[in-house]
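Student: Residue numbers (our numbering), protein chains in the order written: chain A, 1 to 554; chain B, 1 to 603.
None of these hints come from the bench; they were simulated from the model. A virtual CB, placed ideally from N, CA and C, is assigned to each residue, including glycine. Treat the hints with care, as some may be off.
To be verified - Listing some non-contacts, in silico: residues in chain B with all C-beta distances to chain A over 12 Å:
no. : residue
1   : 68
2   : 143
3   : 189
4   : 192
5   : 254
6   : 373
7   : 570
8   : 574
Claimed, not checked - Here are the simulated DSS-like cross-link-like pairs (lysine-lysine), alpha carbons at most 25 Å apart as the crow flies:
no. : chain 1 : residue 1 : chain 2 : residue 2
9   : B       : 307       : A       : 206
10  : A       : 222       : A       : 206
11  : A       : 357       : B       : 307
Listed below are the residues making up each chain.
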Amino acid sequence: MRSLARSLFILLALSLLPAHAFAQTAQKTGTGIISGHVAIGDKPAEGVVVIVVPGEPRPDRREVARAVTDYEGNYRLMGLPAGRFNVVPLAPTLVGPADNTYGGSGRFLILGEGETVEKIDFNMARAGVITGRVTDADGRPVVEERLQLTPVDNPARGRFGGFYNPYMYQTDDRGVYRLYGIPAGRYTLSVGVSPDESMVRGGVVKRGYYPRTFYPGETDSKKAGIIEVTEGGEAKDINIRLGRQSQSFTVRGRVVSADGGSPVPNLIIGYGGYDPQQKVISAYSYGQYRTNARGEFKVDGVVPGRFAAFVWSENENYSDPVMFEVTDADVSGVEIKLKRGATITGRIQLEGTTDKKIMAHLTKIILGASVQTASLGPPETRQATIEPDGSFRLTGLPPGRAQLVMFDMQSQKNIRLLRIERDGAPLPNNIIEITPGAEVVNIRVIFEYGSGTILGQVRLENGTLTEGARLFVSVLKAGDDENSQPVTYAQADARGRFIIDGLVAGEYQVIVQAQIPSPAGQAKFVRGKQGVTVSNGAETEATITLDMSEGKEQ
Amino acid sequence: MTDSSSLCPGRKPALLSLLFITLFLLAPHVAMAQDERSERGRTVEDAGASGGSPGTITGRVVGEDGRPMNDVPVVIYGFYSSFAGRGEATDSAGRFQFKELPPGLYGLRATSPSLIEQPDENRNPWDVKYFRPGEAAQLTLVRGGVVTGAVMNSQGEPVIGVFVRPIRVRDVQGRRLSMESMSPFFMPRMTDDRGIYRLYGLLPGSYLLVVGGNNPYYFGGGGMSAGDVPTYYPSSTRDTASEVLVRAGEETTGVDIRYRGERGHTVSGTVSGINDSRGRFGVGITLLRAGTGIFEGQTYATEVDGKRVFSLSGVPDGEYEIISQGNIERDEAAASVPRRITVRGADVPGLQLDLSPLSSISGRITLEPLKAQEGCTAVNPQTAMLQTLVRVRREEQDKTRLQPAAFSTGGAAPNEQGEFLVRNLSGGLFRMSVSAPASDWYVRAASFPAATQGAKDKGATLAPPGTVSVKRGERAAGINIALAQGAASLKGRVVAQAEGAVIPSNLRVYLVPSERERADDVLRYDEAGVSADGSFSFTGLAPGRYLLLLRPYSPPNDILQPPRMLAWDEEGRKTLRREAEAANNGLELKPCQQLKDYSVSFR
Chain A
1 MRSLARSLFI
11 LLALSLLPAH
21 AFAQTAQKTG
31 TGIISGHVAI
41 GDKPAEGVVV
51 IVVPGEPRPD
61 RREVARAVTD
71 YEGNYRLMGL
81 PAGRFNVVPL
91 APTLVGPADN
101 TYGGSGRFLI
111 LGEGETVEKI
121 DFNMARAGVI
131 TGRVTDADGR
141 PVVEERLQLT
151 PVDNPARGRF
161 GGFYNPYMYQ
171 TDDRGVYRLY
181 GIPAGRYTLS
191 VGVSPDESMV
201 RGGVVKRGYY
211 PRTFYPGETD
221 SKKAGIIEVT
231 EGGEAKDINI
241 RLGRQSQSFT
251 VRGRVVSADG
261 GSPVPNLIIG
271 YGGYDPQQKV
281 ISAYSYGQYR
291 TNARGEFKVD
301 GVVPGRFAAF
311 VWSENENYSD
321 PVMFEVTDAD
331 VSGVEIKLKR
341 GATITGRIQL
351 EGTTDKKIMA
361 HLTKIILGAS
371 VQTASLGPPE
381 TRQATIEPDG
391 SFRLTGLPPG
401 RAQLVMFDMQ
411 SQKNIRLLRI
421 ERDGAPLPNN
431 IIEITPGAEV
441 VNIRVIFEYG
451 SGTILGQVRL
461 ENGTLTEGAR
471 LFVSVLKAGD
481 DENSQPVTYA
491 QADARGRFII
501 DGLVAGEYQV
511 IVQAQIPSPA
521 GQAKFVRGKQ
531 GVTVSNGAET
541 EATITLDMSE
551 GKEQ
Chain B
1 MTDSSSLCPG
11 RKPALLSLLF
21 ITLFLLAPHV
31 AMAQDERSER
41 GRTVEDAGAS
51 GGSPGTITGR
61 VVGEDGRPMN
71 DVPVVIYGFY
81 SSFAGRGEAT
91 DSAGRFQFKE
101 LPPGLYGLRA
111 TSPSLIEQPD
121 ENRNPWDVKY
131 FRPGEAAQLT
141 LVRGGVVTGA
151 VMNSQGEPVI
161 GVFVRPIRVR
171 DVQGRRLSME
181 SMSPFFMPRM
191 TDDRGIYRLY
201 GLLPGSYLLV
211 VGGNNPYYFG
221 GGGMSAGDVP
231 TYYPSSTRDT
241 ASEVLVRAGE
251 ETTGVDIRYR
261 GERGHTVSGT
271 VSGINDSRGR
281 FGVGITLLRA
291 GTGIFEGQTY
301 ATEVDGKRVF
311 SLSGVPDGEY
321 EIISQGNIER
331 DEAAASVPRR
341 ITVRGADVPG
351 LQLDLSPLSS
361 ISGRITLEPL
371 KAQEGCTAVN
381 PQTAMLQTLV
391 RVRREEQDKT
401 RLQPAAFSTG
411 GAAPNEQGEF
421 LVRNLSGGLF
431 RMSVSAPASD
441 WYVRAASFPA
451 ATQGAKDKGA
461 TLAPPGTVSV
471 KRGERAAGIN
481 IALAQGAASL
491 KGRVVAQAEG
501 AVIPSNLRVY
511 LVPSERERAD
521 DVLRYDEAGV
531 SADGSFSFTG
541 LAPGRYLLLL
551 RPYSPPNDIL
561 QPPRMLAWDE
571 EGRKTLRREA
581 EAANNGLELK
591 PCQQLKDYSV
601 SFR
């Protein structure tokens with residue numbers, strides 16, 4: 001099955017779950033202090049909630065502390081333990097510096113035991129509001145229709161990630177919507193299905209749909225009305241008048257076995273938008289379509305576009321995706337062939353420790369095989385769990401180049417996939433070539449456990465970081481090509497500090513890249529690197545220097 | 001599960017499964033139902049005639065005015081079956097059709113934003129509504145209620161980006177609702193930049209509105225109100241909260257809430273006892289108001305250094321019960337024994353909740369069909385078996401102190417051999433009910449193994465008729481239920497004897513078996529309400545001789561518990577028999593007889 005998507009789905013689910021739904025027992029406390037100032041322009045911002053959350057995407061991402069700015073705009077977060085944190089202003093009607101597309105997650109900070117860090121300041125701006133009503137061709141309200149807001153220019157500011165209203169981008173029972181916390185700038189606003197998107201609609205879908213319509217009522221994106229949002233301003237009566245609904249189509253097909261041509265019942269069918277240029281299947285939907293006793297399936301509510309259908313299999317079988325195009329009529333006769341896939345079996349091995357507790361954790365690791373196939377579509381990914389005896393079995397693999405990867409839901413960062421061996425010989429890039437239906441045996445997957453740590457400091461020469469800049473750290477094995485897969489990543493904090501732990505003893509290359517947003521749009525990147533020797537169970541200090549006068553726009 | 005989530009992918013990530021499990025445990029699902037006289041759709045073709053082969057459920061969706069509703073998504077789901085669920089949108093005549101359904105029982109739901117299924121105020125809320133292949137359904141959608149207002153702080157400034165959550169506590173007749181624990185999952189909405197909120201598509205009834213508190217819905221961060229104790233409309237704690245009356249299609253405006261913003265305490269600890277080394281299943285933690293079953297908060301345990309830890313913030317001072325629950329296997333849950341805690345001015349850390357196995361009740365159903373004869377329909381035993389439903393509900397032992405609702409109800413559909421297994425029950429006394437496969441079937445006999453037989457697997461002990469007592473963690477097996485064909489029906493009317501006399505609205509008709517030796521056969525008793533026009537109706541009656549009795553009935557002002565039949569208790573049976581013998585209204589029902597126009601006079 002396309003488990004990559006599933007894994008992403010899990011990650012997404014994790015990231016979407018309430019931060020405090022994941023909880024740490026008896027909150028650790030300490031004596032650390034973080035303080036700073038929140039301003040709106042040159043005026044102090046009173047009453048802004050500032051929170052501290054763990055700075056890593058661990059499942060226990062619960063709020064650690066909270067403070068509110070005083071009348072001078074100052075906040076002081078106290079009783080903090082040592083750790084890696086994000087400091088985030090929770091201000092639904094203010095916007096901060098835009099440091100990424102989705103709005104920043106605040107300022108990352110590594111706090112030592114009992115340390116006081118001052119001047120973690122935030123320069124915010126008032127956000128604006130867009131409000132209006134969406135009506136149909138008869139002037140009736142259009143209820144719970146999703147709205148899409150698109151900036152015309154790159155906005156200079158972004159929303160902070162700590163706040164999100166899941167219902168904001170849809171109309172209510174009166175067809176009314178109200179978007180707030182919108183950075184000043186120029187936007188277009190639309191409703192409906194884009195004609196060139198090959199959009200997949202999930203769930204139980206209506207037959208009718210609205211073709212994408214921009215404010216005030218244009219289906220042609222060139223004629224889209226421009227909405228001007230000013231700081232603290234409200235763009236009112238941004239009403240969208242929709243035309244008549246278009247009718248979606250039904251796609252019918254069946255699944256037959258590739259060897260005998262016999263129909264295969266009770267299979268889950270998935271389908272996704274197909275991009276012929278990129279040769280990839282984009283967002284796809286599965287689960288609600290199944291083959292009946294005669295192997296037939298039916299997909300309702302398909303909008304015009306190019307799509308590919310496939311079998312969502314979790315067993316020994318797979319299918320090559322079958323392309324179809326929907327223009328102005330129902331489609332029938334989509335025939336998907338179910339094939340028996342290849343298998344990979346073997347054992348895992350852990351280097352670097354004999355600790356039973358760590359060994360026991362291996363059964364929680366999921367081993368994935370991502371196969372780059374010759375056919376269209378995304379890499380087919382299958383997963384296997386590791387049995388207590390260390391064996392694993394991956395099934396249903398299509399022919400192609402299979403790369404083995406590990407997923408560790410508990411983010412034990414100190415266990416990594418080191419190398420793959422076949423009959424005792426290492427396989428380059430962890431790739432196994434798979435022929436149709438092959439049974440690949442004797443694969444050994446070697447994980448390593450590391451307990452070395454790098455305590456890093458980024459030093460800036462010939463310049464400083466502007467607000468909203470970020471420092472990304474990647475660690476490569478010494479001698480590896482700079483474009484090869486890093487051993488691990490980290491982020492340096494507001495003071496240029498970073499910590500990388502769980503490293504196996506050895507020689508590494510640490511690369512720091514500063515991403516500096518510019519009001520003109522394109523971000524500037526500055527790189528620096530440094531070789532570091534890591535020992536097990538020890539902390540190694542490293543300083544990486546960035547020359548801020550260099551760097552290029554990307 | 002009655003939710004469209006059955007349309008979700010066959011396999012769900014563990015965390016989402018947990019969410020579904022939790023919803024399953026707390027949401028209004030089929031297992032809640034008790035009364036075996038379920039509402040059914042109009043039969044257009046005999047389900048039995050289609051044999052064991054798949055069938056079709058058809059239907060229409062109409063609006064308040066009775067006009068067909070075009071392009072409304074309708075979802076079909078199975079009751080305690082592996083049926084994956086399907087959905088389709090209605091056509092321009094409001095019609096939908098689900099073909100090739102395996103024999104079984106199905107639920108239907110039409111969904112359209114801001115609309116709700118027309119509430120039937122006369123319907124027993126404990127009934128389940130299901131359909132069999134071959135039946136037709138009509139679903140009526142009406143505009144739900146709307147509540148809107150603003151949330152302000154003590155300075156009168158808007159409180160932005162906080163969830164306002166409606167909790168339905170009474171139905172429109174003012175009867176207190178059970179299982180309030182289900183309400184937290186109903187549509188919280190967030191305040192906008194002016195502090196304004198708008199809740200729509202609400203079922204009619206009385207609501208509490210709550211802002212803040214431990215909120216399981218916040219997706220994407222700590223939330224503006226994280227760690228604050230909940231504020232109830234107008235600016236209260238739960239105990240002093242005012243109710244807001246909501247009527248279908250009406251808008252209640254100006255429901256403003258003054259947010260208190262007090263910081264609450266944190267309840268935290270670890271969960272042990274789950275043997276799930278792969279971490280496949282999640283563990284949920286629920287906080288309930290002690291002795292009431294009222295939901296106060298929910299969270300999920302997360303694994304840190306090999307331990308499952310949890311923490312609930314924003315908890316106000318008070319007495320609580322805390323429960324954790326998780327899955328051992330896909331269909332099998334474990335739970336901790338509810339633990340009572342007190343929060344008084346400080347955090348409560350270091351709780352240890354130990355998950356232990358739950359109980360199950362299993363047995364076998366046998367079918368005794370009749371040869372085709374007048375009034376009886378031909379049946380396919382396999383189909384009939386798959387269209388039977390077994391449900392159990394815990395009988396409250398101490399009515400002054402409510403137990404947590406989790407694991408107090410369950411159900412199962414028997415397999416083709418008639419074997420059924422109801423899992424995931426707490427310990428206690430459970431009343432069993434069986435929904436027969438068709439209206440001419442009845443439960444002829446039910447036998448429960450006695451505790452003295454005490455084999456290892458048989459946790460059942462002696463219990464009042466129709467009930468099974470099972471200790472926590474034990475499996476009560478060997479229950480035999482005989483369903484027989486030949487059930488009769490009785491339709492009639494109560495006529496006032498004296499001219500101009502009014503039939504009281506609380507009058508009820510009781511059927512008592514005539515034979516003295518049947519005095520304790522609970523299955524032979526039945527009761528039904530009398531409509532305003534004096535009519536009453538019984539179906540699924542065992543053939544035999546009965547005494548009919550009219551008797552005033554005082555409906556409970558409170559539907560925290562499903563209605564109890566008077567005959568369930570020994571004292572009730574004695575009273576009924578004494579009064580029925582005095583009234584001496586005898587009647588006999590033959591197998592499959594449909595007795596109509598039966599007249600009984602009321603003095």
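Student: Each of the hints needs a verdict: does it hold here or not?
Tutor: Going down the list of hints, with the structure as the test:
1. 68: Nearest chain A Cβ is 14 Å from residue 68(B), so the label holds.
2. 143: It is violated; residue 143(B) is separated from chain A by about 8 Å at its closest Cβ, not greater than 12 Å.
3. 189: For residue 189(B), whose nearest Cβ neighbour in chain A is about 6 Å away, the distance does not exceed 12 Å, so it is violated.
4. 192: 5 Å, violated
5. 254: 17 Å, holds
6. 373: Holds: least Cβ distance 35 Å, greater than 12 Å.
7. 570: Its Cβ never comes within 12 Å of chain A, the nearest being 48 Å, so this holds.
8. 574: Fine: 53 Å to the nearest Cβ keeps residue 574(B) off the interface.
9. 307(B) - 206(A): 45 Å, violated
10. 222(A) - 206(A): 28 Å, violated
11. 357(A) - 307(B): Cα-Cα ~12 Å, so holds.
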